[in-house]
Amino acid sequence: MTPVDEAKKISEKELMNKRPKSTKPESNISSGDKENDLRNAELKGEGVVISYGADQAVKGVDIAFPSNKITAVIGPSGCGKSTLLRAFNRMNDFILGAKVEGSLMYKDMDLYDKNIDPVEVRLRIGMVFQKPNPFPKTIFKNIAWAPQMNGYTGDIAELVETSLKRAALWNEVSDRLHDSALGLSGGQQQRLCIARSLAMKPEVLLMDEPCSALDPVSTSHIEDLMLELKEQYTIVIVTHNMQQAARVSDYTAFMDSGNLVEFDETSTIFTNPKEQRTEDYVSGRFG
Amino acid sequence: MSSPEYSSAPEFNSRLERRRAFSTIFKNSCAILSWLSIGVLGFLLVHIFSSGWEWISFDFIKNAPSRMPHKAGLFSALMGTIWIIFTTAAIAIPVGVSSALYLEEYAKKNRLNSFIEINISNLAGVPSIVYGILGLTLFVRLMKLGPSVLSGALTLSLLILPVIIIASREAIKAVPNSIRLSAFALGATQFQTVFHHVLPAAMPGIMTGVILALSRAIGETAPILMVGAVAYVSRAPHGIMDGFTALPIQIYNWAREAKVEFEGLAAGGIIVLLLVLFMMNSVAILIRNKTQKAQS
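These protein sequences, in sequence, are chains A and B. Be aware that the first sequence starts at 956, since it is given in my numbering, and climbs by one per residue. Be aware that the second sequence starts at 35, since it is given in my numbering, and climbs by one per residue.
Everything labelled a hint here was simulated from the structure, so no lab data went into it. Possibly wrong hints are sitting among the right ones.
What the hints assert, rightly or not - Residues from chain A that keep clear of chain B, each with C-beta distances beyond 10 Å, as calculated:
{"no.": "1", "residue": "K989"}
{"no.": "2", "residue": "S1022"}
{"no.": "3", "residue": "E1056"}
{"no.": "4", "residue": "G1057"}
{"no.": "5", "residue": "D1063"}
{"no.": "6", "residue": "M1064"}
{"no.": "7", "residue": "E1075"}
{"no.": "8", "residue": "M1104"}
{"no.": "9", "residue": "I1111"}
{"no.": "10", "residue": "R1131"}
{"no.": "11", "residue": "G1141"}
{"no.": "12", "residue": "E1164"}
{"no.": "13", "residue": "E1217"}
{"no.": "14", "residue": "T1226"}
{"no.": "15", "residue": "N1227"}
{"no.": "16", "residue": "E1230"}
Said to hold, decoys possible - With a cut-off of at most 25 Å between alpha-carbon atoms, the simulated SDA-like pairs for lysine to any residue come out as follows:
{"no.": "17", "chain 1": "A", "residue 1": "K1086", "chain 2": "B", "residue 2": "A208"}
{"no.": "18", "chain 1": "A", "residue 1": "K1069", "chain 2": "B", "residue 2": "T227"}
{"no.": "19", "chain 1": "B", "residue 1": "K327", "chain 2": "A", "residue 2": "E1127"}
{"no.": "20", "chain 1": "A", "residue 1": "K1054", "chain 2": "B", "residue 2": "K327"}
{"no.": "21", "chain 1": "A", "residue 1": "K1086", "chain 2": "B", "residue 2": "N211"}
{"no.": "22", "chain 1": "A", "residue 1": "K1054", "chain 2": "B", "residue 2": "L137"}
{"no.": "23", "chain 1": "A", "residue 1": "K1086", "chain 2": "A", "residue 2": "K1069"}
{"no.": "24", "chain 1": "B", "residue 1": "K142", "chain 2": "A", "residue 2": "D1048"}
{"no.": "25", "chain 1": "A", "residue 1": "K1069", "chain 2": "B", "residue 2": "T223"}
{"no.": "26", "chain 1": "A", "residue 1": "K1069", "chain 2": "A", "residue 2": "N1105"}
As the list claims (entries may be wrong) - Computed beta-carbon distance windows for the label pairs:
{"no.": "27", "chain 1": "B", "residue 1": "L146", "chain 2": "A", "residue 2": "I1071", "range": "28 to 36 Å"}
{"no.": "28", "chain 1": "B", "residue 1": "N153", "chain 2": "A", "residue 2": "L993", "range": "51 to 59 Å"}
{"no.": "29", "chain 1": "A", "residue 1": "D1010", "chain 2": "B", "residue 2": "G159", "range": "34 to 42 Å"}
{"no.": "30", "chain 1": "B", "residue 1": "P161", "chain 2": "A", "residue 2": "A1112", "range": "54 to 62 Å"}
{"no.": "31", "chain 1": "A", "residue 1": "F1049", "chain 2": "B", "residue 2": "L146", "range": "38 to 46 Å"}
Bear in mind the structure is a predicted one, so any value in this text is a computation, not a measurement. Where is the CB? At the ideal position from N, CA and C, for every residue including glycine.
This is chain B alone, in the form it adopts within the complex:
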């Protein structure tokens, strides 16, 4: 029995000791599990930095790939990744956000639209190599875009569209309906309501989805290999129709080289990839926080 000061009416057996113990156990297991995943990530980072850091230098960034480890760099791959990511963002963000707006704000709730909704969720789970095959058939061969930055970006856009659409829809759904109603009651058109109120209010959530999606795209190897990001490209692309290679592919190529030095180069490449990712996310988070501030 619990001590008298805890007991309320005699009908209750509140067992406070037991419930408090359960709360503590739950809190601690959550903490342990989250530190476990952080620990694995930390181990990975330490491992990569210890083997790759010595290879990071200005030359490493500005040199073209080479057979000789000490002359090898990843300039072309870095530029390829930057080109790919910007083009992908330019394609996927407008298309994804517009689709989400259409599905949430305009589309009638009928069978066709719920069918579309279910399929978008399913698409998010399709393996990336499938998108690669699709990109090869559709963009490279059928549309004759060739193994170009554009083909790669279009393929990656397809890959991340479901993520952007789903995240944007959730963000749009979370905008209180009272905002829409008050805008309409003031004589706004649907476009004005959506563009001036719904979209800005949903922006932080949309940006979170975009960050996640682009982070996934930047590390993808399989789909851009399929569309022909060739292994050895020593020139950085100068336009969206140029051939390209990308950081994950360069890393992959170095990792399977026989010479042991290339292992260090691969680790160096990973560090550069992580830095690009980090910078990209910082910009996105900055935008997100700015819109969040404007909304409060």
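With the rest of the complex left out, here is chain A:
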């Protein structure tokens, strides 16, 4: 073992030791809970194959994301995790030549049914992207736009306020709601994007490496936020940051070259994985 590997292993262990003390008191899920969670999962994919032309990015994945839990999807670059995530709110529709096969269900809605409007799918399943991408408009309009487009009947100013409060951004921006969102810092922009998604009151939140462009302080803001949000949402997060997966998620899915290698409770994946490849990856020996 090289010193670097050793260091990684140690930091990983430290992390494990720290976890129960951190923001997650209920992290020791018993195996009965796991079966229960999987049985009650509302967001499911069976035999999911996603191809770009001749390349298969996802090669037949069966996965279920437990409701009101955070599921982290980890794996080396190019393993198909973002592609899989995007399939669940039809964002692959915008990639030329992308084809999704298999069954993807949310509750009793077949996400790829011909009669299903992708807009309806995206209203129920929201998404936060890797890079903060606020609209070049005011902070207020960033949040108010989508609800207004969808005929929101309540008080829009109130909705903006509660969304910003839930994304832990209100205190920083309440006095400049009508300034451009592009004047915010990267971390604030990302929280604005989360607030924008929350304002649409989706049932599921998909997060595609939401913290990869952020500094540690903003990252911890967003992680705290996720832990709060899972009371009401099912959250799926794709991340390259294994510490992050370990810190926030209840379940972890490990993907490699388009296949789902292992899915289990996060503590199991990081301490006692069944597959050798998983162990190699989470301990930093490859990937």
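For chain A, the structure is supplied; the task is to place chain B on it using the hints.
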């Protein structure tokens, strides 16, 4: 060899002196070339203003054309140009921007569409007289619109459409895809995404294209001559079906008169044309800056 304080690792021969000299030469040649074109333009302006300024007066603006230089004015031509430009803008901007939106946002990337794309670029290079002949055949004769403001505007619209489409497409292409994706991810329809986010973000670029295109249209002579902007029209048009003349045609007619005074009148006409162009562009730039501000 370069002096020791510049040298880095011995494997590098950075030749900083030489590279700095090259940078300076390049910067200076760029400056010289741009001042050269500005100089030519300046010379032209000085020449025109020195021979035409004395003819500019209120009467010059409000009088009809006349055989007597001191009574001649360009009211009908000025009004004709204004009518033509507004009608052209009203036709060409919606058609051009819609086509650009269709090609960029909706059309599938297939052979037919790339064929259309190539041809739009080619159309931008077709000589304007060809559009004049087309306008004469299609609008004046076939559609029986006659030698009217409408025929002229339709012909000029055809002429500037490729420029507007190409500029608008570039502007739309430059809108970051993340904006579209985030709008879609929030449950927007394609129309809402395009209309609320893509179009406003592309507006400054589109306006630049429109300014260039309309500036070209305002100075065009050949195509509107072909569709029948008659040389001697003393009345300003009162509607889009009226006959008309335009500033470039009036200038052309004065320039080929024998009497030497008409040369001054032609220069005066050019000054008026430039002023109209200047005002038009100012308005467009104002709109552009306003949309730009709203986007930041």
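Structure-based check of all given hints:
1. K989: holds (30 Å)
2. S1022: holds (21 Å)
3. E1056: Check passes; 21 Å lies beyond 10 Å.
4. G1057: G1057/A clear of chain B: closest Cβ-Cβ about 22 Å, beyond 10 Å.
5. D1063: It holds; D1063/A is separated from chain B by about 20 Å at its closest Cβ, greater than 10 Å.
6. M1064: holds (14 Å)
7. E1075: violated (8 Å)
8. M1104: Not fine: 5 Å to the nearest Cβ puts M1104/A too close to chain B.
9. I1111: It holds; I1111/A is separated from chain B by about 15 Å at its closest Cβ, greater than 10 Å.
10. R1131: The claim stands: R1131/A keeps its Cβ more than 10 Å from every Cβ of chain B (closest is about 15 Å).
11. G1141: holds (14 Å)
12. E1164: The claim holds: E1164/A sits with its nearest Cβ about 14 Å from chain B, beyond 10 Å.
13. E1217: For E1217/A, whose nearest Cβ neighbour in chain B is about 29 Å away, the distance exceeds 10 Å, so it holds.
14. T1226: Non-interface label on T1226/A holds, nearest chain B Cβ at 35 Å vs cutoff 10 Å.
15. N1227: About 36 Å separates N1227/A from the closest Cβ of chain B, which puts it past 10 Å; holds.
16. E1230: holds (33 Å)
17. K1086/A x A208/B: Given pair K1086/A, A208/B holds - Cα atoms ~18 Å apart, limit 25 Å.
18. K1069/A x T227/B: holds (22 Å)
19. K327/B x E1127/A: holds (23 Å)
20. K1054/A x K327/B: violated (40 Å)
21. K1086/A x N211/B: holds (12 Å)
22. K1054/A x L137/B: holds (23 Å)
23. K1086/A x K1069/A: violated (31 Å)
24. K142/B x D1048/A: holds (13 Å)
25. K1069/A x T223/B: Holds: K1069/A and T223/B sit about 17 Å apart, inside 25 Å.
26. K1069/A x N1105/A: Satisfied, since the Cα-Cα distance of roughly 22 Å is no more than 25 Å.
27. L146/B x I1071/A: 28 to 36 Å: For L146/B and I1071/A the Cβ distance comes to about 29 Å; the hint holds.
28. N153/B x L993/A: 51 to 59 Å: holds (57 Å)
29. D1010/A x G159/B: 34 to 42 Å: holds (40 Å)
30. P161/B x A1112/A: 54 to 62 Å: holds (58 Å)
31. F1049/A x L146/B: 38 to 46 Å: Given range 38 to 46 Å: violated, Cβ gap about 21 Å.
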